[in-house]
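Q: Sequence:
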Amino acid sequence: MIRKVFLCVILIALLSLPVMAYTLNDIEWSDSADASGTLQWGGTLTSGDYTIKVEDFNKDGYVSMGIYRGNELQKKSAARAGEGFEFRDTANGDDLRILVTKVTLNLDDWTGNMDNPTAAIEVYERGIPEMGITINTEDDTYDPRILTYPSIDATIDISNDGDAEAEDLTVDIDVDGMKVLDGKLSHHYTAVEEDEVLDPIKIKLEIPHYWDETDVDITVTTKSRDINGEIHEDSETKTLTIEPVVELVVSKSVTDEIYMDETAHVSVSIWNNGIYSLSSVTLNNPLTTDLEVQDNVETEMSLSFDSKETKGKILEYTLKPIKTGKYNIPVATATFTDPNGKSHTFTSETSTIEINGPDIVLTKTVSPESVSPGDEVTVTVTVKNQGTKDASVTTTETMPENASYVNGDLSFHDVATHGKSYTYSYKLKVEGTEDIKVSGTTATFIDFEEYKGERISNMPVITVVDPSDTTSESSSSSSSSSSSSSSSTDQQSSSTDTASEVYNSQTQDDRVQPGFEASTMILALLGVYFVSKRRDRS
Numbered sequence: 001m002i003r004k005v006f007l008c009v010i011l012i013a014l015l016s017l018p019v020m021a022y023t024l025n026d027i028e029w030s031d032s033a034d035a036s037g038t039l040q041w042g043g044t045l046t047s048g049d050y051t052i053k054v055e056d057f058n059k060d061g062y063v064s065m066g067i068y069r070g071n072e073l074q075k076k077s078a079a080r081a082g083e084g085f086e087f088r089d090t091a092n093g094d095d096l097r098i099l100v101t102k103v104t105l106n107l108d109d110w111t112g113n114m115d116n117p118t119a120a121i122e123v124y125e126r127g128i129p130e131m132g133i134t135i136n137t138e139d140d141t142y143d144p145r146i147l148t149y150p151s152i153d154a155t156i157d158i159s160n161d162g163d164a165e166a167e168d169l170t171v172d173i174d175v176d177g178m179k180v181l182d183g184k185l186s187h188h189y190t191a192v193e194e195d196e197v198l199d200p201i202k203i204k205l206e207i208p209h210y211w212d213e214t215d216v217d218i219t220v221t222t223k224s225r226d227i228n229g230e231i232h233e234d235s236e237t238k239t240l241t242i243e244p245v246v247e248l249v250v251s252k253s254v255t256d257e258i259y260m261d262e263t264a265h266v267s268v269s270i271w272n273n274g275i276y277s278l279s280s281v282t283l284n285n286p287l288t289t290d291l292e293v294q295d296n297v298e299t300e301m302s303l304s305f306d307s308k309e310t311k312g313k314i315l316e317y318t319l320k321p322i323k324t325g326k327y328n329i330p331v332a333t334a335t336f337t338d339p340n341g342k343s344h345t346f347t348s349e350t351s352t353i354e355i356n357g358p359d360i361v362l363t364k365t366v367s368p369e370s371v372s373p374g375d376e377v378t379v380t381v382t383v384k385n386q387g388t389k390d391a392s393v394t395t396t397e398t399m400p401e402n403a404s405y406v407n408g409d410l411s412f413h414d415v416a417t418h419g420k421s422y423t424y425s426y427k428l429k430v431e432g433t434e435d436i437k438v439s440g441t442t443a444t445f446i447d448f449e450e451y452k453g454e455r456i457s458n459m460p461v462i463t464v465v466d467p468s469d470t471t472s473e474s475s476s477s478s479s480s481s482s483s484s485s486s487s488s489t490d491q492q493s494s495s496t497d498t499a500s501e502v503y504n505s506q507t508q509d510d511r512v513q514p515g516f517e518a519s520t521m522i523l524a525l526l527g528v529y530f531v532s533k534r535r536d537r538s
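In terms of full-length UniProt numbering, the sequence shown has 326 at position 326, counting the first letter as 1, and numbering is strictly consecutive.
Misleading hints may appear alongside valid ones.
EDC-like, lysine to aspartate or glutamate: derived pairs with alpha carbons at most 16 Å apart [as the list claims (entries may be wrong)]:
| hint | residue 1 | residue 2 |
| --- | --- | --- |
| 1 | Lys204 | Asp217 |
| 2 | Lys313 | Asp295 |
| 3 | Lys76 | Glu55 |
| 4 | Lys429 | Asp338 |
| 5 | Lys204 | Glu165 |
| 6 | Lys389 | Glu262 |
| 7 | Lys204 | Asp140 |
| 8 | Lys223 | Glu262 |
| 9 | Lys427 | Glu376 |
| 10 | Lys202 | Asp174 |
Hint data in this document are derived by calculation from the structure and do not stem from the laboratory. Every value quoted in this text rests on a predicted model; they were computed, and no experiment measured them.
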């Protein structure tokens, strides 16, 4: 039992040996200073948790410096230019080297006293190992559908780019779930010296199969210990793109430019650029509304494909121009569902078609739109070439019934430049009382490519208002008003008679003899006369 305990103690001691068994002479210092500066009396530098303070100078060129952690002095020492000293903090596992590169005393020639002396100081930390990692592959993108690369061959180069030896180095390679065909994913090295380059690590991976384009990572992670036993980790990742196992290439070809008297041809084809067969692919082919479809065309259909199979000209049809211009043709799409239930859609490239030629548009207006018989109306015709080519245009007019020509232009015969408008007008006299529908203007045209055609304008309507109808309506209105007034008067008279009858029936028993009212009036007048005479006397 005692022997086992003794062996355990020995084993623990051996494991702790790399941490405990080094001295300042064993340390590999960092190649670059962690802190540096030119300090006066009391000046300080900071390196990590430590403060280096210039305590004093002497005439022999020595600089006295103290190393503090917090406010506690850890070590104090003096050095001249080109000299230095080291400090090891065993409790905290830190090591420092203080180097004096230059001392300026500024001694006064007369007094020999120092005038604001300075010291240039550099502070170095213990060096640590640092692994430089490089991951190389033949390419950054792999496609399982082609045989350019049957596998992913990766080479990993590792070197110690740090300032100290690496001990107990481990290398772990994460391949993001890809299958390893050759090589190991874990490696161990007892020690790697500063600037040492390891032998390349090679692995071979199977190209994975995905239904979508997918990014995968190769990640290399190293862990090593420095002389103090501290672990240092370094990592590097390379991202690779894996193309999908199936890609449907949808092609929709369209005649890119035609004339107004020509037809455009459309065809749709699909290529299964994949390593798997597809049993149900839905082709969707929306039709354009800017051109006239000449054939009966399916807009949706279901198809099956073998691996690498091409179905050419699944759909073919023609389009007839309606008007000039440049138009986008709707894209065709092919959709399938993978075994995981996810839908994948592939689209053809956008196609455009340009229609050239003249495009003659006629517009006809009348002013005023409402008139009386005998009035004159101005008819205006606008000829506009909305196309891309010039054309010779001739128009003809047809006189409407119930109207006669007064004056003005009755035709246009000239070259209509594309993008421009032309107008002419004439006057008509209204002869009848009925509304007039003006006949449409007819235009024939022909361009320099001998494309020709005919156009007809709209047919405006002139509203005719008959004055006699207006007078009749007015008389009818007056008669109606008079009749209404008479009726009202009769009603009032009837009401008065009725009231009189009621009054008479009420007073029939109180009637007096004729002449009584006159006698009463005379007596009243005599009374007024005598009263006025009395007032005059008084």
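Q: Each of the hints needs a verdict: does it hold here or not?
A: To see whether the hints hold, each was checked on the structure:
no.	hint	verdict
1	Lys204 with Asp217	14 Å, holds
2	Lys313 with Asp295	15 Å, holds
3	Lys76 with Glu55	9 Å, holds
4	Lys429 with Asp338	77 Å, violated
5	Lys204 with Glu165	30 Å, violated
6	Lys389 with Glu262	15 Å, holds
7	Lys204 with Asp140	15 Å, holds
8	Lys223 with Glu262	74 Å, violated
9	Lys427 with Glu376	6 Å, holds
10	Lys202 with Asp174	13 Å, holds
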